[in-house]
Structure formats: C-alpha cells, structure tokens
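**Student:** Next come the chains, spelled out residue by residue.
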Amino acid sequence: MIERTVYRTIDRIGDPALRRAAESLARLVLENWFYALVVLVLWQFPAIVADLSGSEVTPRRPTGESAFWQSEMARALVLACLAMSYNLLFGYNGIISFGHALFFGAGGYITFILLARVDQSYQQEALIAVLAVVLALAILTRITARRLVTLALGGVLLVLLLVPNTPGMTFYQAAALAVLGSIGLSLISGVVTLRLRGIYFTMFTLALAEMFFVLAKSGTFRNVTGAEDGLGFGDLLPAALNPTPTGDGSRLQMYRVTIVFFVIVFLAIRRYLNSPVGRVIVAIRENEERARTIGYNTFFYKLLTMIFAGVIATLSGVLFVIWATDKRVHPEMLSLKFTVDPLLHTLIGGVGTLTGPVVAALGLILGETYLRNETFTLETEVLGLVPLWQFAVGLIAALLILFLRRTLRPAIHRLAGDGGRWSVLGAYLALWIVVSAAGLVAGGQVVPDLDLQDEVFDVSDLWDLFLGIVFVIVVMLLPHGIVGTWNRFWITRRIRRMERALQREKAP
Amino acid sequence: METFLQQLINGLTIGGFYAVVALGYTMVYGVLKLINFAHGDMFMWGTLTGWALLTTVFASFTDMDVIAILAASVVVLAFIGVMGMTIERVAYRPLRSAGRLSPIISALGAAFALQAVARNVSDARWRTYPEGLLAELPNVQLTGRVSLSGLQVLMLVTCAAVMIGLYLFVQRTRVGTAMRAVSLDHDVSRLMGINVNRIISLVFFIGPALGGLAGLLIGIYYGSFNFTLGWVFGLKAFIAAILGGIGNIPGAVIGGFILGISETMVVAYGPDIGLADASAWKDAIAYVLLITILIARPTGILGETVAEKV
Chain A
1 MIERTVYRTI DRIGDPALRR AAESLARLVL ENWFYALVVL VLWQFPAIVA
51 DLSGSEVTPR RPTGESAFWQ SEMARALVLA CLAMSYNLLF GYNGIISFGH
101 ALFFGAGGYI TFILLARVDQ SYQQEALIAV LAVVLALAIL TRITARRLVT
151 LALGGVLLVL LLVPNTPGMT FYQAAALAVL GSIGLSLISG VVTLRLRGIY
201 FTMFTLALAE MFFVLAKSGT FRNVTGAEDG LGFGDLLPAA LNPTPTGDGS
251 RLQMYRVTIV FFVIVFLAIR RYLNSPVGRV IVAIRENEER ARTIGYNTFF
301 YKLLTMIFAG VIATLSGVLF VIWATDKRVH PEMLSLKFTV DPLLHTLIGG
351 VGTLTGPVVA ALGLILGETY LRNETFTLET EVLGLVPLWQ FAVGLIAALL
401 ILFLRRTLRP AIHRLAGDGG RWSVLGAYLA LWIVVSAAGL VAGGQVVPDL
451 DLQDEVFDVS DLWDLFLGIV FVIVVMLLPH GIVGTWNRFW ITRRIRRMER
501 ALQREKAP
Chain B
1001 METFLQQLIN GLTIGGFYAV VALGYTMVYG VLKLINFAHG DMFMWGTLTG
1051 WALLTTVFAS FTDMDVIAIL AASVVVLAFI GVMGMTIERV AYRPLRSAGR
1101 LSPIISALGA AFALQAVARN VSDARWRTYP EGLLAELPNV QLTGRVSLSG
1151 LQVLMLVTCA AVMIGLYLFV QRTRVGTAMR AVSLDHDVSR LMGINVNRII
1201 SLVFFIGPAL GGLAGLLIGI YYGSFNFTLG WVFGLKAFIA AILGGIGNIP
1251 GAVIGGFILG ISETMVVAYG PDIGLADASA WKDAIAYVLL ITILIARPTG
1301 ILGETVAEKV
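Chains as they are written, first to last, in the numbering used here: chain A, 1 to 508; chain B, 1001 to 1310.
One chain only, chain A, in its complex shape:
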C-alpha cells in the first residue's frame, strides 16, 4: 500500500538522475525500516528494561537494574548469530552438518588458550600449523600447485603479521588467530567431509566435533584446556570488552558491541546470499547434480560457505565466552548442544529464511530465561486472564480437534453446510468451545478435590519435555517454521490477489 504510493510518486519525478536516486533511497528505507526499528529497540533494550523495572539509567548507573537482562539478551544475540551461520549452511546450501559446535568451541578455546599462555611465543607453532594444513590439502585433494603456493604464502604472511615473536599476545591477535584456525579447520574437514554423501557426511562431522569435545574434557590435556572445569581466563580480557557489571558502563558498552556484531553478521550473510555466490549455493541446495552440469565447481562453493559459516560461528564463540558469567571456557561449547540448538532455532524459525533463526533463537532463549525465573501453581493465571488449568484444558481440546480433524471432517462439513471457508472455521470453533466447556465442567468437578492447588511447577524440570513436544508439534503443524509460514501466507495472498485482478481484466 505505502510502497505503491511511494513508487508512484517517485515515477512522476522528471529528472532521471534524481528519480534513480530517489528510487534507490526509497528502496533502502522501505526494505530496511523494520530491521532498523528492531536494532533501535535492541539498542535501547537496557533502558527499556530499566524503565519497566522502575529503575533509571543514568550516566552514573548506566546499566540500571538491567544488568541480568543485558547479559541474557547478549547471549541470545550471540546464539542467534550461531543459528544464522548454521542456517547459511543448512537452509541455503543444504549441508547438514552436526559438527557446527566444533567451530563455535574453537573460537573460545583457541583464543583463550593463546591468551592464557603469556610466557611463550607461538610464531613457530603457528607456522608449523599453516604448513601442516597446506600439506594435508596437498595430500588429500587435487588442488592446483599455484593455489597451494598462494595459500601457503598467504598463511605464512598472516601468521608473521599476527603472531608476535615476543611472548604474550593481545586479545585481538588471539581472536584473529582463532579465525585463521577456524578457516584451516574448515579447509581440512571440508575437504575430507564434503566428498561423503548424506548420512555419512552428517555422522562424520558429528564424530569430528564429539572427538574434540571428549578430548577437551579429558584429563590428558588438563594443563592446556583445563579439562572438565574449563579454561579460566579471569582478568585477561581487555577492559573495553569486559562485561563484568562494575558500574563503570563497560557492560553496557560490551552489550552495544554485541549488537554491532549481530548487525554486521546479519548484513554480511544477506550480502553473501544476494551475491552471485549466494545464487550458486542456493542452486546447489536445489539440485547439486544440475549445478555441476551447468559448470559450477560445486565443491568450491560448498567449501566457501563452510568457511564463511565457520568464521561466523568462531566469532560467536569468542563473544559467547566473553559473556560467560564465570569467566571460563567450558567444554560444553564443543558439545552437541551447540549444534542441536542452532539446528532447532533454524527449523522452528524457518529453514532458509533470513530472520527465522533470529526470531526462534531470541524467542526460545529469552522465553526460557523468563519462565525459569517464574513459578507456577494451578492458581497461576496465564497472561493475567485465565487460570492455568483452564488454559491447559482449552489447549488440550484444541490439540485434540487438530489431531482428529481427518475423522471430524465429514461431521464438520455437515454442520457447516455449504457456507464456505468461514462457516467451516466457525463450526470448528463451536466444536472447540463445546469440548472445552465439557472439559472445564469436568475439570471443575475434579480440581477443587485435588490437592494440587499449591503444587509448584518448576519450569526447569519440565523445559526439556516442553521443548521436545514443541519440536514435534512445530514440524507437524508449521513444516516451514514460523517465518517461513508467515512468508508463504503473504506470498499466496499476493498471488491470489493478482489472479483475481487478471480475471477481472478478462471478464468484461
């Protein structure tokens, strides 16, 4: 609606240069206003929380009462970045990797292992690592000599630039080396694994990540990784990136750095997908054989995407560790949890949609934190309106009808007559009201007798069960995820409207 008016106005501009400028400006604003709004809300989030909880954000107390929610939001944003990188692999390129946690954990571990050992210079080790990667590539692939030499020289140059010859290195050098290490890891694992097909590929990536998880936990490398206790880094963080809530505002600053990182990742992924390379990887997802037949080196594009997603995951890992409350790198970062979580965020949000993983990650993580801090009894009211048990009865009735809809269809259609879609919906609604009412009456008989009134439900016990059921229901009811279903809804509506317009043109 707005779009149409705006573009119509722009079309009336006489001067072509001016019109083109106006058009690109309008496109920029119209396509991004929503994202900009979200970023603005995120930016002001500490102030909003402080406002809601009744405390002020003043220059002297820059975090107000929002310190806890800042860290939760930052954690959620970091995991949303991880989910976006996973979506890039899985949703856009069709690579189903179960080893994404490897890159996430590598970020944390490489950075802080390098940072923690202040008494040693790593230049030689880094050079050896680069040469080992190059050697492995030379053995395992049929890479051309020229590329190999370029790769080797580039790696050596980067190491010489990044790794000082003197002991100790700064945080930024360590993080840059972690990125370099992640690229090396992608190259090696990608070269080996991308030749495997289907389930064997998935299991190979899983095995690789799990192997590092087990070894990071094991006592064999205790003096490097800190085994199961994790690697403590205490005060090694530079002051500018230290989110400890000290009241000097550095936490707020780190929160904003996290938002900037999130925005950059989002824009980078969008740019990547809109580039020609992005078109090719989507083509590979749709049909790899065909893409290869057209003449694309699909292996190269898949490897490139793996490297890109791996680097994002690595940086997310570094930020995740920075936000860890106990200032430790835990081996759990390498565990399957950080592969399954982004996978689920991607699926629930919508596979192959830009915003889906973000929506699902923020919703699930913040929702979990919120619910874990609440306690529920049967008397608790949902949204301040309905008691919990009545809500549950209504929900169960709805699910019952949903699952039995095949069986119910003839009866419903008889009830609705031939009044079209809306009366069918009305019939379902009437059925729901009847079933819920019956349930409420029956429940009303039972509930006062049950001694459950003051029973406290602890969400932390039930969360996994709830999550499990959510997955099953989401894949059944919304196979395209939240954002995917939403997009489809608008697209079908638009197509239908165009069809109707076409018919109207034909009719007279």
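Read the hints as simulated data drawn from the structure, not as lab findings. Heads up, a few of these hints could be off.
[What the hints assert, rightly or not] Covered by chain B, per the in silico footprint, the following chain A stretches (three or more residues, Cβ under 8 Å):
(1) 197-203
(2) 207-220
(3) 339-348
[Unchecked claim] 25 Å max Cα-Cα, derived BS3-like pairs, lysine-lysine:
(4) A:337 / B:1282
(5) A:327 / A:337
(6) A:337 / B:1033
The structure displayed is predicted, hence computed values, not measured ones. No residue lacks a Cβ here, since even glycine has one placed at the ideal position from N, Cα and C.
Chain A is fixed; fit chain B onto it per the hints.
**Tutor:** Same frame as chain A, but now just chain B:
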C-alpha cells in the same frame, strides 16, 4: 597374552550390546532412511523399566532372580516395543511425505521428551539395580587366568541369539522378505501387496523391543544407570551401525563388536602407550574409528549403496 584374551572377552560382551542396539538403528534406517534419535532413549527406558520392575513388582522374588528377570524381560520387550510403535505412529508417520529433515527433528524432539520424562521419573539420580542378581551363575574358566563370569556368558548368549534370530527372521521368513522389499522401495512393495505401514510398525516394534532388552541386560551388567545413558550409548551404537555400513544387519553386528573391543583395548592398554585419561579416550576411540573408516571407506565396512537421504 592372558590379559589380552580377558580384555577380548570383556570387549565382546560390550560389543554385543552395541550390536543389539545398533540393529535397531540400522533396521529403521533400512526401511525409512531415518536416523531414529529416540532409539537410544528407548534403550535407556528399557533399563529404567527393568529397574522399576525389579525394585518394586518383582522385588519379592529375591530367591528366584532368574524367573524375576525373565518376567521383567517379557514386560520390557512388550512395553518398549509398544513405545516404539507409538512414537512411530505419533511422531514419524504423519511426516512420512514431508521433506528429508522433518522426521529427524521430530525424532530429536521425541528423544528430548523421553529423556525429560525419564529424568523426572528417576529424579535425575543414579539408580542402582538390586545387588546380587544372577550371582550364583557359575564362572567359566577357560585357561589359567582367563575366565568368563556367568553373567558375561548369559549376555553373550542372549546377544548372539538375538542377532542370529533376527538375521534368520529377516532372511528366511515371508515377513522378513517383505521387510527387505520395503527397505528397497515403498511404492513397489505396496504394488506387490505388502502392507507397508504394518511392516514399518513391526520394525518399530522389533528394534526398540530388542534395544529395551539390551537396556535391561546392561542395567544388570553395570548395576547402575542414570537418564543420560541412552544418549551416550545410543550415539555410540549408532556409530557402530555407520561403521558397518548403515541399513545392513551383519554390518551393524560387525561394527558393534569392533567398537566394543576397541573400547576395552583402549582402557586396558591406553595408559601403557601414554593415554593417561583412559576413560576419556574410551569415548574418543569411537569417533576416531568412525573418522578413519569413513575416510578409507566412505560408506562403511560392508556398505555398498550410497545413501540418498539424511
């Protein structure tokens, strides 16, 4: 040499369990091309159900523990089998025609749900089986210091019987033939008059039921368990299935034994070759094995066909 033999026997016992659980994965993968992540948790439910039965209902049968265990096995077989069929009906069948990944997520959801319920049922504590079960079974002395405990003999015999029985069932009977046909092509099998849904239900009965039985046996063998058993053990059993080439029953058996034997060998000889924390390396060896074998043979040891779906 004698330690080696002893470790080999221990490895065979553990490998037998891996093999039986791997059978469930490989059968489901064969007919549906689905990684049934809930299988490991159903295995754990076998342990849990067995524990619940042996500590409550059959607790009074202390003198006749063989009868108690037999009765518990029957109940576990039926219960876990029906559980498997229910999960297939609720979580997998509606998604049969939906994409290649939806059923996997549904399986993950089912696994989470099973694990969460088990955690609440067992109060998230380590639970122990009654002591002294089958203690009076005679030990078998092979040579000087190499011996099989009666329990190990029982486990090995049970696992072997299950595997041979299943192999014969799949290869020799009409239903087994139907199963192999379904794993090749659903549509053509249907045209040939096979009730595909019933075959799939049967697979989801047999696989989990055998897994549940293995769970009960492993509960007796190790004596204690907690609710995370299913995930770890299930993952390794799945790796065993992949090692042998998934969808292939002899492959799963071979993979299970290779995995079990390498694990015990790492624990036994790891400290000698400088792997200090042997229990961690015991977990890592499964992954190392998988990586090396997949590099050498991308479709597992016995696998021939390249899997299309994930």
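**Student:** Each hint needs a verdict: does it hold in this structure or not?
**Tutor:** Cross-check of the supplied hints:
Taking a C-beta to C-beta cut-off of 8 Å, the segment 197-203 of chain A contributes 7 residues in contact with chain B, enough for the three needed, and the coverage statement holds. Only residues whose beta carbon comes within less than 8 Å of a beta carbon in chain B count, and the segment 207-220 of chain A has 10; three or more means the coverage holds. Residues of the segment 339-348 of chain A with a Cβ under 8 Å from some Cβ of chain B number 4, which satisfies the need for three, so the listed coverage holds. Restraint check for residue 337 (chain A) and residue 1282 (chain B): the C-alpha separation of about 21 Å stays at or below 25 Å, so the hint holds.
A distance of roughly 20 Å separates the Cα atoms of residue 327 (chain A) and residue 337 (chain A); the hinted pair therefore holds under the 25 Å criterion. At most 25 Å may separate the alpha-carbon atoms for a hinted pair to count; residue 337 (chain A) and residue 1033 (chain B) meet this at roughly 24 Å.
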